[in-house]
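**Q** Knowing the structure of chain B, use the given hints to seat chain R on it.
Those protein sequences? They're chains B and R, same order as listed.
If you use this note's numbering, the first sequence corresponds to residues 289 to 764, in order.
If you use this note's numbering, the second sequence corresponds to residues 6 to 485, in order.
One or more hints might be untrue.
Claimed, not checked - Here are some chain R residues pointing at chain B (derived, C-beta under 8 Å):
1. 25
2. 54
3. 62
4. 253
5. 262
6. 277
Claimed, not checked - Simulated restraints, written as ranges between beta carbons of each label pair:
7. R:431 <-> B:557: 56 to 64 Å
8. B:573 <-> R:198: 20 to 28 Å
9. R:293 <-> B:686: 31 to 39 Å
10. R:432 <-> B:686: 38 to 46 Å
11. B:588 <-> R:293: 31 to 39 Å
As the list claims (entries may be wrong) - Simulated coverage check for chain B against chain R, where a stretch passes if three residues somewhere in it have a Cβ under 8 Å from a Cβ of chain R:
12. 338–350
13. 436–445
14. 540–552
15. 652–663
16. 672–683
Source of the hints: derived by calculation from the structure; they are not laboratory data.
Note that the Cβ used here is the ideal one computed from N, Cα and C, for glycine as well.
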Amino acid sequence: MTARTVLRNEWRLLMADRALRIVLGLFAVLLVYALANGVVWMRFQERTVETVQTGNVERVLALADELAAIENGAQPASRFSDPRAPNVLGGARGSHTAVLEPGPLTALAVGQSDLLPYYYDVNIYTNESSFHQNGEVENPLNLMVGRFDLAFVVIYLLPLLVLALSFNVLSEEREQGTLALTLSQPVSARRVVAAKLAFRALLVVGMVLAASLLGILVTGGFGSPGRVLLWCATVVTYALFWFVLAAWVNSLRRSSAWNATVLVGAWLVLVVVLPAAINIASGLLHPLPSRVQMVTAQREASNDAVNQRSELLARYLEDHPEMVEGVVAEEPGLGALAWAATDAVNSRLEEVTGEHDARRAEQIALVRRYRFLSPALLAQEVLIDAAGTGDARFAGFQAQVRAFAERWREFFVPAILAGEQMDASVLPNVPEFHLTDEEGAEVARRAGVPLTVLGGLLVLVGAGAGVGLGRVRGAD
Amino acid sequence: MSNILLIARRQVGAMREDRYLVFLLGLVAALGIVSVLAARHHAASETEQRARYQAVVDRQWAQQPERHPHRVIHYGFLVFREEAPLAFFDPGVGAFAGTSLFLEGHRQNSASFGDARHATAMLSFGRLTPAAVLGLLLPLLIVAAGFASVTGEREKGTLPLILAQGATPAQIMAGKALGVGAAAVVAALPIALVTAAFVAAGGGDQPSIARMLALAATYAAYLSGWVLLTVLVSSRSASSRAALARLVAIWVVLCVAAPRLGGSLANALHPMPSRAQFTAQVEEAQRQVGDSHNPDDPFFSALRDEYLARYQVASVEELPVNWAGVVSREGEAATSRIIEQQHQQLLAVHRRQDRVMAWLGLLSPHLAARDLSMAAAGTGPEAVEAFRSQAEAHRYAIIQRLNDLHTHEINYENDRAQRLARQHWTEFPVFRQDPPSLRGVLADRPVSLAALGLWIALPLAGLGLGRKRLPRVGADRPSR
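Same shape as in the complex, but just chain B (with noise of 0.2 Å):
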C-alpha cells in the first residue's frame, strides 16, 4: 500500500463525511469573509493616509497664497494669524500630518491597527502629551470585541478543523476493526498516520495560504516577500503544530472520544484560558505605572513651567489675541518669551513621561516572556508584526514622529527666538515626514525567538507523536 493510495481513500473518506464537508464549506467562507472584512479595513486606512496628505498639501497652498497676497500689499487677516510669523507658520495653521502608511499585510492581520495611531499632526507646539491626546472615535464595543480577520480564523478557528479533521485519525481505524488489516500490509503506522495527517494538512493549510495569497494579490502586499514569507511559515508551523499534537494524542491509543476531549480541553487551556489568565495575571505581577499618575504629572510639569514666568503674559496673549486689542502696541521678544515658556513645559512633560515609558517598557518586557506559554500568543505575536501591524511597527512610528518634531522645532524656533519674519522663500524648505519603514531583516530578527519556539514545541510534540506511534501493532 503507497502512500498515494492513502491519500486517494483519504479523499474520498473524507468527501463521503456529509458533516466534514459542511464543516470545510464553512471554513472556506469564514476565510472569505475574513479576508473581505481585512481588505475593507485596509482600504479605509488608505483613504483616510490618502486625505491627510492631501491636507498637508492643501495646507501649505493655501499659506503659499497668503504669503504671495501679503507680499502684493495685501493685509493678513490678524495680526495673530499672520503667516510670515514662524509661530503662526510652524503652528496649528501649518502643522504637517505625519503619516503611518498602512502595514503591507494589514489585509489578512488587523493588529494593533485600528486601537493605535497611525497618524499625528505635528507642529511647533507638539510635545509628549500630544502623543497620549489622540482623539478617539472609534466605537469601545467593537474596539474590546476586535475584529474578524484571517489572523483571527488562523488562530482560534483553524485548530479547531484540524482537530475536527484529526482527532479520530488512528483511534477510527482501530474502533472499526480496519486498523489490523492495515497494519498487515507492508506500512507502518507512523507511516499511515503520517499520510493521512499530510492530506489533510494539505488541505487545510492550502486553503488558508490560498486566502492569504490571495489578499496580499489584492492589496499589493508581495511588495515586501520577507513579510509574505513570515506570514506563511508561521501559519504553516502553527497548523502542522495542532496536526501534531493531534498524532501524539491519537498514538496514545485511546478511544476517538477520550481523544476529542482532551484535544478540545487542549485548546481551550492553550487558545482561550492561558492568555486570559496570563493577561489578568501580569497586571498583577507585573502591573503597568499608573496612567493617572502621569496625566497628574504632565499637568502639574505644564503649570510649573508656566508659573515660573511671573504672569506668562506672552503665552496668554498668543492664545487670546482678542484680548491684545489696544492694550499693547508692540512688545519686543514676545514670540521668544512664549517660547521659553513652551519650551519649559516640553522638557519637563519629556521627564515625566520618559521615567513613564521606561516602567512601562519594564513591565511589558516582563509580561511578553509569558508568550512562550502558549503557541497561540506566539503565533499572533509573528503573524501581525509580519503583517506590520505590531506594537512594534507603531512604536517606530512613534518614535520617528518625535524626531520629527523635533526638526520641525529646529526649523522655527530660531526665527522665534530672532523675532524674524519668513515669507513664501521658505516653504520648500519646511521639513517633510518621510517614514522609514523598518527593513524586512529587522521583522525577521524581532520573530526570529518567538517562531523558533513555535519550531521547537513542533519538533517536540511530532518527536513524541513519532515514537508514540512506533509503538502501535495491528494487534492493538
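**A** Here is chain R on its own, set in the frame of chain B:
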C-alpha cells in the same frame, strides 16, 4: 416529582464518577476564584488612584492664586472616569474607552488613556474576568457535564430500563437538566460567594443589591439555557460523540466566532468616519460660525452692533460690561453647540452599531448575556457616554461662569492686568459623576432581554416536543 429527583441524582452520580469532569469542574471553579481575586485587586488599586489624583486636581483648582478668569479657562480641569463598583466583575468596554478627560475652554477634548492602548497585542485575547469565566468557560463545562446525559443512558442500554420503571420522557429530561444544572451551580457558586464576600466586606462604593441581582439573574438565565440545550442535543443525538461534536461546534460559533462576526457586521452596516475626517468636519462646522479673533467677522460684528444698540453706546469701550468677556462667552456657546452636534452624530453611529450587536443577540445568547451583564455591572457603552456628556456639561458650566466673571468683574480697560481674588476658585462646584440607572439601561435593552428569554424558551420547547421521540432516537442503531 420524585422520579425527576431520582434521575437528577443518577446524573450527579455519573458525573462524580467521571474523573476528567471533576478535574475540569475544579479547574473552572479555581479559575473563577482567581479571576475574582485578580480583577478585584486591579480594580481596587485603579479606583484608589483615580480618586487620589482627582482629589489632587480638585485641590490644585481651589488653590489657584489670584488670576484673570480667562487664564483659568485655559488652566482647565482634569476629570477621571470613575469605574462602577462592579467593574471588577465585568469590566465591559472600560479598557477601550478613555479614562481621563481634560476640560478647557474652546474645545471638547475626547477622553484619552484607554487602558488597551497602553498594553500589548496580547490583550486582544481578552482577560480572564469573572464575567468571562461565567460567559465563556462555564458553558463549555456544562457541555462536558451533560453531552452524554441521555446518549450515555442509551449507549449503556439503561434508557429502556428507566422508562420501564415508570419515568416519563419529560421526567427523564427534567431530571437530567437538574443534574447537569447542579454541576453548573457547583462551578459558579465559588465565584458568586467570593464576589458577594468582597462586596459585603469592601468599603468605598457599594454596588446596589439590584445590580447584583440583575447580574445573577442574567447568568442564571444564560447558563440555564446552556443546560437545557445540552440535554436537548444529547437527547436528539445518536451517540455521545455526535452530541459532543455538535455542542462544541455550537459553543465555538456562539461564543468565539459570533462576537467578532457581529462586530464586523456592525462596522460594515454603519461605517465610522476616521478621526481625521471627524476633526475636519468639526473644524469646517466651526469655521461657519465665525472667528472670534477676527474683528471683522460677521457673527461677532453683528453681536457687537446688538450690544451697542442695547446699551445705547457708540463703542465697546463704553459698554457697562466687559466686551472681551461677552465675546468669549458667545464664542464658547457657538463652538460648544457645534462640537456637541458633531459628537452626537458620531454617537448615533455607535448606537446603531450597538443595536446591530443587540439584534445578533437573538442568534448568539453569548452576545445578549454580555450586553445585559455590562448593563447590570454599569460598564456598558452608556456608562462611558454618561461620563463624557456629564463632563461636557460640567465643562460648559464652569467655562461660562468664568466668562461671566470676566464680563462683570473685570473692566474692559487694562483688561489683562486685572486679577480676581482666590476665593472665587473655591466657589466652583466639584465634578460629580452620576452613572446611568440600572432601570434605564435595562429598559434600553429589550432585544437582549428577549433574546435571553428565547434562549431558555426554545430548548425548553424542543425538549417538550422531543419527549415522545426520546426512546426512539438511535434505537435503530445496532446496540453493541
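**Q** The structure should be examined with respect to each hint, and the outcome stated for every one.
**A** Hint check results:
With a least beta-carbon distance of about 7 Å to chain B, the hint placing residue 25 of chain R at the interface is held under the 8 Å criterion. For residue 54 of chain R, the shortest C-beta to C-beta distance to chain B is roughly 5 Å, which falls under 8 Å, so the interface hint holds. With its C-beta approaching chain B no nearer than about 7 Å, residue 62 of chain R sits inside the 8 Å limit, and its interface hint holds. A cut of 8 Å between beta carbons decides the hint on residue 253 of chain R: the least distance to chain B is about 6 Å, and the hint holds.
Proximity of residue 262 of chain R to chain B holds as hinted, the smallest CB-CB distance being about 7 Å (cut-off 8 Å). Contact between residue 277 of chain R and chain B, as hinted, is supported at the beta carbon level, the nearest pair being about 6 Å apart and thus within 8 Å. Take residue 431 of chain R and residue 557 of chain B: their Cβ atoms lie about 57 Å apart, and the range 56 to 64 Å holds. Taking the beta carbon of each, residue 573 of chain B and residue 198 of chain R are about 25 Å apart, inside 20 to 28 Å as hinted.
One distance hint, 31 to 39 Å for the beta-carbon pair residue 293 of chain R and residue 686 of chain B, holds here, with the actual separation near 34 Å. The supplied range of 38 to 46 Å is met by residue 432 of chain R and residue 686 of chain B, whose beta-carbon atoms lie about 42 Å from each other. A hinted range of 31 to 39 Å holds for the C-beta pair residue 588 of chain B and residue 293 of chain R, which are about 38 Å apart. A count of 3 residues in the stretch 338–350 of chain B with a Cβ less than 8 Å from any Cβ of chain R is obtained; the coverage claim is therefore met, three being the minimum.
As drawn, the stretch 436–445 of chain B meets chain R at 4 residues by the rule of a beta-carbon pair under 8 Å; at three or more, the given contact holds. Counting residues of the stretch 540–552 of chain B whose CB lies closer than 8 Å to any CB of chain R gives 5, which reaches the minimum of 3, so the coverage claim holds. Coverage of the stretch 652–663 of chain B by chain R holds. Counting CB-CB distances below 8 Å, 4 residues qualify, and the rule asks for three or more. Counting residues of the stretch 672–683 of chain B whose CB lies closer than 8 Å to any CB of chain R gives 3, which reaches the minimum of 3, so the coverage claim holds.
Consistency with the previously given hints is maintained throughout, with no hint failing.
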